[in-house]
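Listed below are the residues making up each chain.
Protein chains: 2
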Amino acid sequence: MTFEFKIIKNDLRSRARTGLIKTSHGNIQTPYFVPVATSATVRALDSQDLEDLGAQCTLANTYHLHLRPGDKLIQRMGGVRGFMDFDKPIFTDSGGFQAFSLGYGREHNINKLGNIFPEGKKTKEAEEKFAFVDDDGVKFVSIYDGIKHFMSPKDSMEIQSNLGADIIMAFDECTSPLHDYDYTKKALERTHRWAKQSLEYKDPKQALYGIIQGGWFKDLRLLSAEFINSLSFEGIAIGGSLGKSKKDMHKILDWVIPLLDKRPRHLLGIGDIDDIFECVERGIDTFDCVQPTRIARRASLYIRPESGGCPKNKFRINIKAAANKEDQNPIDQNCDCPTCRRYSRAYLRHLYIVNELTYFRIASIHNMHYMLRLMSDIRKSIMNNTFSELKKKWLD
Amino acid sequence: MTFEFKIIKNDLRSRARTGLIKTSHGNIQTPYFVPVATSATVRALDSQDLEDLGAQCTLANTYHLHLRPGDKLIQRMGGVRGFMDFDKPIFTDSGGFQAFSLGYGREHNINKLGNIFPEGKKTKEAEEKFAFVDDDGVKFVSIYDGIKHFMSPKDSMEIQSNLGADIIMAFDECTSPLHDYDYTKKALERTHRWAKQSLEYKDPKQALYGIIQGGWFKDLRLLSAEFINSLSFEGIAIGGSLGKSKKDMHKILDWVIPLLDKRPRHLLGIGDIDDIFECVERGIDTFDCVQPTRIARRASLYIRPESGGCPKNKFRINIKAAANKEDQNPIDQNCDCPTCRRYSRAYLRHLYIVNELTYFRIASIHNMHYMLRLMSDIRKSIMNNTFSELKKKWLD
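So the protein sequences, as listed, match chains L and W.
Residue numbering for the first sequence follows the working numbering, beginning at 15 and increasing consecutively.
Residue numbering for the second sequence follows the working numbering, beginning at 15 and increasing consecutively.
For reference, chain L alone in the conformation it holds in the complex:
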């Protein structure tokens, strides 16, 4: 196994840093936003699109691929890399997050940041639990066919070995901001036992990241950071519920990052533009999130600050707005993505309104290009000692 992480430059005024993760299948310049290929495809994009966008790597989902088409099938097809023909570093998550989102999260109708969905949006389905945690692992009911599955740390390592990623994640239990101290502590102890089991059972050809949990309780997060940092993981991920607000999330990072050594640090599932800046500043190296493609499919397209993007509008326009009806400008005049070079807002709005498949891809290309360019700008700014100016330009 090749796995190395080299810090190239530390920011002078914050914990931000730029570095290089080396794997057998290529390098990742950090900080980086890893595009999520849930079912071995970044939704609406193919591997050629990812290459054309200059994507350095991708992250596939263990839970989804284990169920469909099956990790053993993927192994026979050359792993995720061979299956989707994407010859760059590949991450997989552990399936632990699904234990949360399909279990407690679904039951309590909450998302990762603890936002409880409005009552009106509550569906019957949202109240049914599809995952049950005990000390040995997680019992899943497949969301596809209702068949019961069980996943232990050992199972997760085996599945991730079959999927053949370069960078894999320890099996963990993700808790919610609604969980009390006692449950969160119990879950953390379980996660720590599972961390050691993950190390024990992992495929030696893969780099394993341990996952820090502990909810929004300071002593648990500190305990977890110290414990995970003490084990021989190749990298450290921060997961789980990150409090009830963005401020809580920042606090959690401020607690745990100082306890970590220089291994690469991955923040699981976060992807708002302001969060990227706040978390890079606090020392995060890599992110993964479905957000760029998910919001694109729902008509939200990113614009840069020089085109009017700001925290208030979340750096987004709504392409279906009537104002775009006859707008011959691109989504963002300061964007050089293939979509902005070629198509008008009017055309994109039309494709969205008439529900044309073409929309989903060209909108996703724009948003993904935007995120990857942002990460490139951030890396350059750290090299040039201008990260705080860049952050200010974007967030103030």
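Hints are computed from structural coordinates only; laboratory data are not their basis.
Any given hint could be a false lead.
Copies of one chain are not kept apart here, so a pair can be met inside one copy or by any two copies together.
To be verified - The calculated SDA-like cross-link candidates involving lysine to any residue, where the alpha carbons are at most 20 Å apart (straight line), are:
no., residue 1, residue 2
1, K20, D275
2, K394, I367
3, K86, D169
4, K200, Y215
5, K334, R90
6, K23, P272
7, K258, G322
8, K210, S246
9, K210, N343
Assemble the complex: chain L is given as a structure, and chain W must be docked to it using the hints.
Chain W alone, transformed into the frame defined by chain L:
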């Protein structure tokens, strides 16, 4: 207006011919299959994809674009060409076919070839008429919002002028194989009056094709061929119900084609592989049909004869078949499209099964590439005097 048609070579043993249509926005080598961009996009593909596939031209739908986003808006956006940024010859149809498919066709639950859908598939919706024909034109009820519209030959010409295609179609009434002789004759007289009105009102910058109708009645088809051929259209299209079987369709072409002079001949809405051969042989120059992308979305992917494609399997495989589950081969080993160069049947099947948007594009690219390559093979065969051998190789 530039519009010229030059026959380059006539087949020695049939009415097949290869030629060149010249327009102000580029040339079309014939015989050619025109990809259909219903709503100013070939479903799932963008204009860059069309260019990469070497598409020589495209055909957009007057009815759909008139309703959404509106032909006047499209005119302000630079016409269909500017709107979708596709700088090649563009066709539009006249909206006449929708008078049929949304009117009588919907009411009687029949498609263009007169296939009556099985009773089981009959839906309530299928019995509601959305279009009503009288001597002045067609009253449409928009399928999108229920608002009533009216389209006369003059309206159709105005709308098509706004859409700004190079090649436009006369407004016609398409009849069904279920219509009796008397109705078909009455409709034909209307279509002929509308043909003259279309010529009168057409934009002089556009090339107008007249449309031969007459159902499956020989005397009406002959009458229509003579009449349409006698008018100063730039090209001749053959439309309407083409009988109750493929044999009827061939018979209709055998009746009308000998009555036509050397202007380009377009066959509306036909696209089965065997039909392409049979109709080229009978003297058709261009085709348009949504079939390659529509069947791709429904899991049917084309294979060439050397890969097992034949009339019996309609030159198709079903990608969702269990046999493809672990098949590392491309869709067609003898295909050089971007999809076959990169992805396995197993991967495509997986994407189809999990309903990933990526599937629709890469499957559509394959089927469209297949059709365009077939047309190129046909053109070469006519040049080399081997058309009948090629037809035999494919159809026997």
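For each hint, the structure was consulted:
1. K20 - D275: Answer is within: at 12 Å inside a copy they meet the 20 Å cutoff, but 75 Å across does not.
2. K394 - I367: Result: close neither inside a copy nor across copies, 38 Å intra and 41 Å inter.
3. K86 - D169: within (12 Å within a copy, 60 Å between copies)
4. K200 - Y215: neither (23 Å within a copy, 80 Å between copies)
5. K334 - R90: The answer is between: 19 Å across copies meets 20 Å, while 43 Å in one copy does not.
6. K23 - P272: For K23 and P272, the Cα distance is within 20 Å only inside one copy (17 Å; across copies 78 Å).
7. K258 - G322: neither (28 Å within a copy, 59 Å between copies)
8. K210 - S246: within (9 Å within a copy, 84 Å between copies)
9. K210 - N343: neither (54 Å within a copy, 41 Å between copies)
Checked against the numbered hints given earlier, this structure breaks hints 2, 4, 7 and 9; the rest are met.
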